[in-house]
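Trainee: These are the residues of each chain, in order.
2 protein chains.
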Amino acid sequence: MTLTSAPFHVLTDGSSTSAQGFSAAGITAGIKASGKPDLGIWASDVPCVAAGTFTQNTFPAAPVVLSRDRLRSRRAQAVAFNAGNANACNGAQGLADATEMAALAAQNLGIAPELVLVASTGIIGVQMPMDVIRAGIPRVHVRPDGGHEAAGAIMTTDTRAKECAVALQIGGREVRIGAMTKGVGMIHPNMATMLAFIGTDAGLDPSYAQTALKRAVDRSFNMITVDGDTSTNDSCFLLANGLSGAPELSEASPDATRFQAALEAVCIDLARKMASDGEGATKLLQVEITGAASDADARAAARAVVGSSLFKAALHGSDPNWGRIFAAVGYSGAQVDPNRAALWIGSVQIAQHGIATNASKDSARAEMLGDEVNVRVDLGLGAATATAWGCDLTEGYVVENSAYST
Amino acid sequence: MTLTSAPFHVLTDGSSTSAQGFSAAGITAGIKASGKPDLGIWASDVPCVAAGTFTQNTFPAAPVVLSRDRLRSRRAQAVAFNAGNANACNGAQGLADATEMAALAAQNLGIAPELVLVASTGIIGVQMPMDVIRAGIPRVHVRPDGGHEAAGAIMTTDTRAKECAVALQIGGREVRIGAMTKGVGMIHPNMATMLAFIGTDAGLDPSYAQTALKRAVDRSFNMITVDGDTSTNDSCFLLANGLSGAPELSEASPDATRFQAALEAVCIDLARKMASDGEGATKLLQVEITGAASDADARAAARAVVGSSLFKAALHGSDPNWGRIFAAVGYSGAQVDPNRAALWIGSVQIAQHGIATNASKDSARAEMLGDEVNVRVDLGLGAATATAWGCDLTEGYVVENSAYST
Numbered sequence: 001m002t003l004t005s006a007p008f009h010v011l012t013d014g015s016s017t018s019a020q021g022f023s024a025a026g027i028t029a030g031i032k033a034s035g036k037p038d039l040g041i042w043a044s045d046v047p048c049v050a051a052g053t054f055t056q057n058t059f060p061a062a063p064v065v066l067s068r069d070r071l072r073s074r075r076a077q078a079v080a081f082n083a084g085n086a087n088a089c090n091g092a093q094g095l096a097d098a099t100e101m102a103a104l105a106a107q108n109l110g111i112a113p114e115l116v117l118v119a120s121t122g123i124i125g126v127q128m129p130m131d132v133i134r135a136g137i138p139r140v141h142v143r144p145d146g147g148h149e150a151a152g153a154i155m156t157t158d159t160r161a162k163e164c165a166v167a168l169q170i171g172g173r174e175v176r177i178g179a180m181t182k183g184v185g186m187i188h189p190n191m192a193t194m195l196a197f198i199g200t201d202a203g204l205d206p207s208y209a210q211t212a213l214k215r216a217v218d219r220s221f222n223m224i225t226v227d228g229d230t231s232t233n234d235s236c237f238l239l240a241n242g243l244s245g246a247p248e249l250s251e252a253s254p255d256a257t258r259f260q261a262a263l264e265a266v267c268i269d270l271a272r273k274m275a276s277d278g279e280g281a282t283k284l285l286q287v288e289i290t291g292a293a294s295d296a297d298a299r300a301a302a303r304a305v306v307g308s309s310l311f312k313a314a315l316h317g318s319d320p321n322w323g324r325i326f327a328a329v330g331y332s333g334a335q336v337d338p339n340r341a342a343l344w345i346g347s348v349q350i351a352q353h354g355i356a357t358n359a360s361k362d363s364a365r366a367e368m369l370g371d372e373v374n375v376r377v378d379l380g381l382g383a384a385t386a387t388a389w390g391c392d393l394t395e396g397y398v399v400e401n402s403a404y405s406t
Numbered sequence: 001m002t003l004t005s006a007p008f009h010v011l012t013d014g015s016s017t018s019a020q021g022f023s024a025a026g027i028t029a030g031i032k033a034s035g036k037p038d039l040g041i042w043a044s045d046v047p048c049v050a051a052g053t054f055t056q057n058t059f060p061a062a063p064v065v066l067s068r069d070r071l072r073s074r075r076a077q078a079v080a081f082n083a084g085n086a087n088a089c090n091g092a093q094g095l096a097d098a099t100e101m102a103a104l105a106a107q108n109l110g111i112a113p114e115l116v117l118v119a120s121t122g123i124i125g126v127q128m129p130m131d132v133i134r135a136g137i138p139r140v141h142v143r144p145d146g147g148h149e150a151a152g153a154i155m156t157t158d159t160r161a162k163e164c165a166v167a168l169q170i171g172g173r174e175v176r177i178g179a180m181t182k183g184v185g186m187i188h189p190n191m192a193t194m195l196a197f198i199g200t201d202a203g204l205d206p207s208y209a210q211t212a213l214k215r216a217v218d219r220s221f222n223m224i225t226v227d228g229d230t231s232t233n234d235s236c237f238l239l240a241n242g243l244s245g246a247p248e249l250s251e252a253s254p255d256a257t258r259f260q261a262a263l264e265a266v267c268i269d270l271a272r273k274m275a276s277d278g279e280g281a282t283k284l285l286q287v288e289i290t291g292a293a294s295d296a297d298a299r300a301a302a303r304a305v306v307g308s309s310l311f312k313a314a315l316h317g318s319d320p321n322w323g324r325i326f327a328a329v330g331y332s333g334a335q336v337d338p339n340r341a342a343l344w345i346g347s348v349q350i351a352q353h354g355i356a357t358n359a360s361k362d363s364a365r366a367e368m369l370g371d372e373v374n375v376r377v378d379l380g381l382g383a384a385t386a387t388a389w390g391c392d393l394t395e396g397y398v399v400e401n402s403a404y405s406t
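So the sequences go chain by chain: A and B. Number 152 in the numbering used here belongs to position 152 of the first sequence; there are no gaps in the numbering. Number 172 in the numbering used here belongs to position 172 of the second sequence; there are no gaps in the numbering.
For the record, the hints were derived by calculation from the structure and aren't laboratory data. As the structure is a computational prediction, the values presented were derived from the model and not from experiment. One or more hints might be untrue.
As the list makes no split between identical chains, a pair holds if one copy fits it or if it spans any two.
As the list claims (entries may be wrong) - SDA-like, lysine to any residue: derived pairs with alpha carbons at most 25 Å apart:
#1 K214 with D145
#2 K214 with G346
#3 K214 with G333
#4 K361 with A33
#5 K36 with V132
#6 K361 with Q93
Next comes chain A alone, as it looks inside the complex (with noise of 0.2 Å):
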């Protein structure tokens, strides 16, 4: 975790149960072959403030159709979640079934149904083996130190789980923030982003909630891309129970950009682990725009250069072929003067007034040698930034899916 001097400290092996009264299981149902954990539920103790960002695909998953429409009374307590099969493409028997499997859940945990989430995440257009279901729910048994086993359970192709939290101030109590997510193909996250819980014990204000999930979201999990491929099934949800006994935070409160700060930090720190563990991925790749006409510019130009194919399979080798980079800022549809770019890698400027300098090609090879490589361009227009993140393409990527469903 890279976070520093912020308004907040992050937690030695943070999980999603982090805040307080949340809990968490995974266990193995036997929806994926390879026999690893592929189904769980987490959890708050009590009700939650709810607020939730899903795919804009118009051929969105069943759970995701169901979790939006029970997400517009902004509260609920609970998701139940499978990796393995993604329940999309499955009509009117995926949602029946997404809509038994929260009900399964909610069963369990002795709740009202409606106030159970669902998310999946694996193989499309197969339908659910709701027999499989039937028999694992109820042998999920979630505890306040589960957050661990839960991220296990939701990784399809993810080489590692992916959890963040942290703590911070707030009226004299301590809040905490507590995430996992999972990746990591078909990642590129268009308003939301792959499976994402993030559990708070702060008390937030409905519509505040929605406001601060979609922000943080904008400059995290929307700023990433594997292979451009947005997925059906997006989904990153926001739970605050308020049990930390700090005071509602809304839009005006003193202490909403604090929050905001923390909130941003769980999602880039989760984002940034999506981004470097993406299929087949060798190294992070962390591209930023400077100087841009606009925002919408800078997060377009960011975007376009973690994306591009070809700068991506130049990274896998750690070749400094920087006009690939401004290829991609050119179709990226931002504003750009030629005359004007700069180009930094790691700390090697490349290239300055639109051509190259006069660095040398080892030195920003050197630069892209290690596991994590930093781009810049500076645009020479405005005062506007962006951050996006991404990884190299490699033969892994291509291997891992070539021969997926079969």
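Position chain B relative to chain A; hints supplied.
Mentor: Just chain B now, with coordinates in the frame of chain A:
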């Protein structure tokens, strides 16, 4: 070539010099380290009505800036071209070099410099080796039978030359269209494509020439993708010298429809050749969208599917992972009703009403084993259609692009 039942016929051994009065040549000047052909000239015996479409990349290469400016006169007679260096991101020196390259070619041909366009392809951000160009251009001797030689000299990572020519009758005269193009990385044309030169001996009204070219490009080169990266150098030129003696065509001419069909057929044939020779490609992917609510929707959906890294990887493994196709349509921006969408891989209908049919995975896989795979998605919403072409994503693409510049 797969053209059938069209109001024109395909010429055996067609090239960019198949139309009357066109000649070309290519040589090994020494721009490429490989020692392969890398410099050439394509010319008409007489000045032509000329049209062009160019990359929308905001870092346009110097030859794009020069040629776009010169085409405002709607007249041109020749194109000087090279492979091995894109002359992009080279500032004022780049533009001066492109201008000198045109002047050298004009001197060689004994024509006015303003009638010479320039096209370059290769590495970005490296100044043109002008000593090599100055020594090379006088050695280029254009000949009516030099089409194939010229097509060889614009190749970069292309594994084969891409040429096509057709003939049709207009006003009792035989009119020919001959063309060449090159790919095959940084291919995601927007309003134009990588280098394409089309010469016809038809007589074309200047305004009609531009309209006809734009229309053909929109249905061919603008509907292919290899890697989603829009180049800095895309240029497509149409030169019409009128030497067939056929009556001049304008938008209102009865024969314009037939000329348009022939021009589109040439462009589509070359676009397919580019897609199937995409870097690392082993298969051509053709995606047809039917039943879309609008032409724009159909085009966006078709382009999204051929651009999906996940489906391209699945295609490589002949894996009928059709959820990735619907997911791509779903993030394309096209209007979709998931309950109406149907999907075919080859002749196998694999989804209906948005969900899986009973078709066996093996039958779908069998349709994916050949070197050309056809996918059709019917959106069930309207009458608009579009077709796009792409290729599979392979380990070869990654290997080829992880160490290109050095």
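Trainee: Evaluate each hint against the coordinates.
Mentor: Here's how the hints hold up against the structure:
1. Neither within a single protomer nor between protomers do K214 and D145 lie at most 25 Å apart by alpha-carbon distance, with minima of 28 Å and 63 Å respectively.
2. Taking the shortest alpha-carbon separations for K214 and G346, neither the intra-copy value of 30 Å nor the inter-copy value of 42 Å comes in at or below 25 Å.
3. Proximity of K214 and G333 under a CA criterion of 25 Å is satisfied in both settings, with 23 Å inside one chain copy and 21 Å between copies.
4. Taking the shortest alpha-carbon separations for K361 and A33, only the inter-copy value of 18 Å comes in at or below 25 Å, while the best intra-copy value is 47 Å.
5. In this assembly of identical chains, the alpha carbons of K36 and V132 lie at most 25 Å apart only when taken from the same copy (14 Å versus 61 Å across copies).
6. For the identical chains of this complex, K361 and Q93 are inter-copy neighbours only, at 21 Å across copies versus 57 Å inside a copy, given an alpha-carbon limit of 25 Å.
Going down the numbered hints, you'll see the structure goes against 1, 2, while the others check out.
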